[in-house]
Amino acid sequence: VIHWSTDLLSELGYESLTQQQADELLDEMMKTLEALVGARFVAEMESEQLKVFEEFFDTGDEPGALSWLKRNYPDYATAVKESLDELRRELRHVAQMASNPAIESVPIPPPGTELPG
Amino acid sequence: MTPLPGSGAAVLQGESPEHLTEHREAILELIDSIRESVPEQMANQELIKLRQYLFADAPSTVTILGERGSGKTTLMFAVCGELMRRNVDLVLPPLHPELFSANESVISAFLASLWAIFVDYDDADRKEALGDDQVDTDLIRLLADSARSHAASQTSREALAHATDSTIDFAEDAVAISRSSARLPGQVGELARRICLPAEGPPRLMIVPVDDPDLAPGKVRSILRDLRVLGSIPGVVPIASFCRADLADAWTLDHPASSESGRQAFLYEREMEKLFPYRSRFEIQPFAAGDRVSFAPVGENEPLREKLGNLDRALGGTRLSEAFTRTDPLYRLPNPLPQNPRTLVQLWSMLDQIDSRHGEIRPAVIDQALRSLCALLSEPLRVNLGLDPGDDYYELGIRDTEDDSDRTEIAVNLHGTEIYGRFLTQLNNANPGQSIAQLGFRGLGGITAAKPDPDSTDGRRRELPAIAASALLAFQEVTLGSNRFHVIGSGTRLDRNDWLSAQEVTIAGMATDDYFFTLPEAATLSEIFEVGAAWQGLVEMAERGARNDELLCAAVVASLGPMGGAPEHAPQTYTQAIEAATDLYEQAKERDDRSSARFRSWYEFDLPMHWHSALLEAEVLHHCFATYLEAAEDALKRDVDSLHKSPRALIDVRFERILSVITDDEDRARHCWIAGYFELADALGSSHLQEISTLGPFWRSRTNTLRAGSQVAETLTLAPGADRFAPYVTDEGLDLFMQARDLLRRRRVSATRESARKQSR
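Chains F and P, in that order, give the protein sequences. With my numbering as the guide, the letters of the first sequence map in order to residues 1 to 117. With my numbering as the guide, the letters of the second sequence map in order to residues 118 to 878.
A portion of the hints provided could be inaccurate.
[Stated by the list, open to error] Restraint-style ranges between C-beta atoms, simulated for each label pair:
| no. | chain 1 | residue 1 | chain 2 | residue 2 | range |
| --- | --- | --- | --- | --- | --- |
| 1 | P | Asp-445 | F | Leu-50 | 22 to 32 Å |
| 2 | P | Arg-863 | F | Asn-72 | 42 to 52 Å |
| 3 | F | Gln-19 | P | Glu-685 | 44 to 54 Å |
| 4 | P | Leu-851 | F | Gly-64 | 17 to 27 Å |
| 5 | F | Pro-74 | P | Gln-543 | 37 to 47 Å |
| 6 | F | Gln-19 | P | Leu-541 | 52 to 62 Å |
| 7 | F | Lys-81 | P | Arg-539 | 45 to 55 Å |
FYI, nobody ran anything at the bench for these hints, they're computed from the structure. Only a predicted model underlies this, so the values are computations on that prediction, with no experimental measurement involved. Virtual Cβ for every residue (Gly too), placed ideally from N, Cα, C.
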């Protein structure tokens, strides 16, 4: 279970932000997470599947589209976790760079690197 | 001859304007109290001499202050008229310093008035009024002595030099003149004692009305000195009425500027305090809007509100009464009617000429009245624009075209003045988080007018006072709203550009150009009130969290105002709203009036901006296209190269503006929302159809990505944070925040770009 709160940011080294900045950044993080997860599934869809998916929205049947998504992509939660891990690595890297410019050359840890939390 | 409404004659006959009654009674009370003190003041001759010597007491001068036309003279006449009716005091004829010849002064005119009353009189009525038919030789001698002293005191240094042969004679004569000047108050005081404490009868005052001393620049110094002399003499009560600002200007002209900054203002204030004690100052305030609307001249009952209604009926459906009778400012626009009674009387009289109950009105009379109305209402604008006296704000002429219309031509030169809508910063988001299109609306905070700033090098404008904005819109209410003039040149209006800053539309997370919701243009007060109310309605709906389809439907209904508003059965769906709008558009096509032109322009140019695939379902869009293409067929056939004639051209200008900034895939990912207009571009035959179609994959990717990602939140458990953040903003924190936010935004764009690439393959 992923707990979605500003603690995600403080754990990544963002304590120097104010609460308001943290709230805003968490909102940005959610949008980006949605985009990453969405892009991942859209990329996996066959053109026929995409057509079916789009038709739901063209006819105003958003709930139908979401049911279809759940049926066809049962590993949705896993994809979310993986995308979130990816974002957290990148955000931690930004925080580390900001606190210590000397580590600028250190690459972002590859996927699969264990992260705390 | 019947006196004009509100004239001095009517007031002297006892008809006092209501708004002045309170002041009149207060002044009469003050005069009563001064009269009561006269016997005591005059009892002790030694004390009188000492007072005159020291000039120590505050003068008895009654001061009436107010703007030009505020009713100062009327109030003075009302007081004098009442005093004359009571027949106790001696009320002298009003003195008008601006009419004085070079040798006249307030004291000379005062003495001349007394001479006329006590020496030159020859009618029985006046004798009776004096209460004494015996010629008072002592009084005549005193008058003659006073007049002689005054005349001697007025001898100029130049005249003295010219008349004397030696320096000794010059000096002696100068001393004699000085003695005359010093003797004068005592002589006038003795004169006053003789007149004010008659042998028989109660004490009385000599009332000396002095009207508009501020209108006699060059003489102000001597006028004020004379007023001080007269006001300090027990029994003499000058009543001076003037405009404070004009008197200050005239005083400044008469007093060379002091080297010390602010010193002159200080000296002026001290002199005013000496001359016009605060306890006897009465200031007439400008009319409040409510008083203006319900104004009727003395002796008349019908208020201006009704007069304006009559004009609307005579003109056949204008909205002048609606525009000019609001008592509270709306959108920071104050009531445009003149604030001073004199001008209101003229307005009332002018409107009285075109009252259809008086019989048939010739068109020339109506036109003349409207011309006068234009001049009268635009005055605050002319003043605030700093135009030279006599400069025209507009010109009226005879139409010189082959058009068979009988409308008069009016050339409007706005001198670069424009009006703007000012919107609040708070954004009210409709349907928050529930749709791919986020609609945010800002409330209309006010309407302002601005003129070019001559000191600005970057074309900046200088805001004009609110009354100037009202005057501008009131002027346009008459010229444009009356539909009787052929207006040449563009007026200023609240148009589609103003509404851009009143909305914030985000589509699929992308910022747009915010050009989705516009209302018919508004150039007159009543039109501003109409579109303002319509917009505020949308803002309130958004604030309540209305759905996008509800807002779109309401936006169409809100735009039906020029055609009389929503039909009896208000449309409940967007499709119904479009049908209602199209029915009205068909009617508007057949009409030549301003309201129809406003509505046609909105329907042809602005309505299609709603038709974005993120806002409306495909089926609804297709219905809109079909309806529009049929109804606006003629409009679409107009010259496509002309922005003002072709709806297609305007829409293409908008597409062009967006498409011109796109150079690479990142730009495509950022601006691909414009592809939601692909169907519209296709239906209208846009010249940018091909370019828009290249954004299709990005748009589809973006929307599909968002939709597919919209379930993310369901897999998470929302929890409160432990609040371990900084208590205040630091440079370090802000820098980190910006870097992280940029990273997240870049990742979103790249996700869309990559997804689009995959889809296009």
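> Any of the earlier hints contradicted here, and which numbers?
Replying inline: Violated hints (numbers, rising): 1, 2, 4 and 6; every other hint is consistent with the structure.
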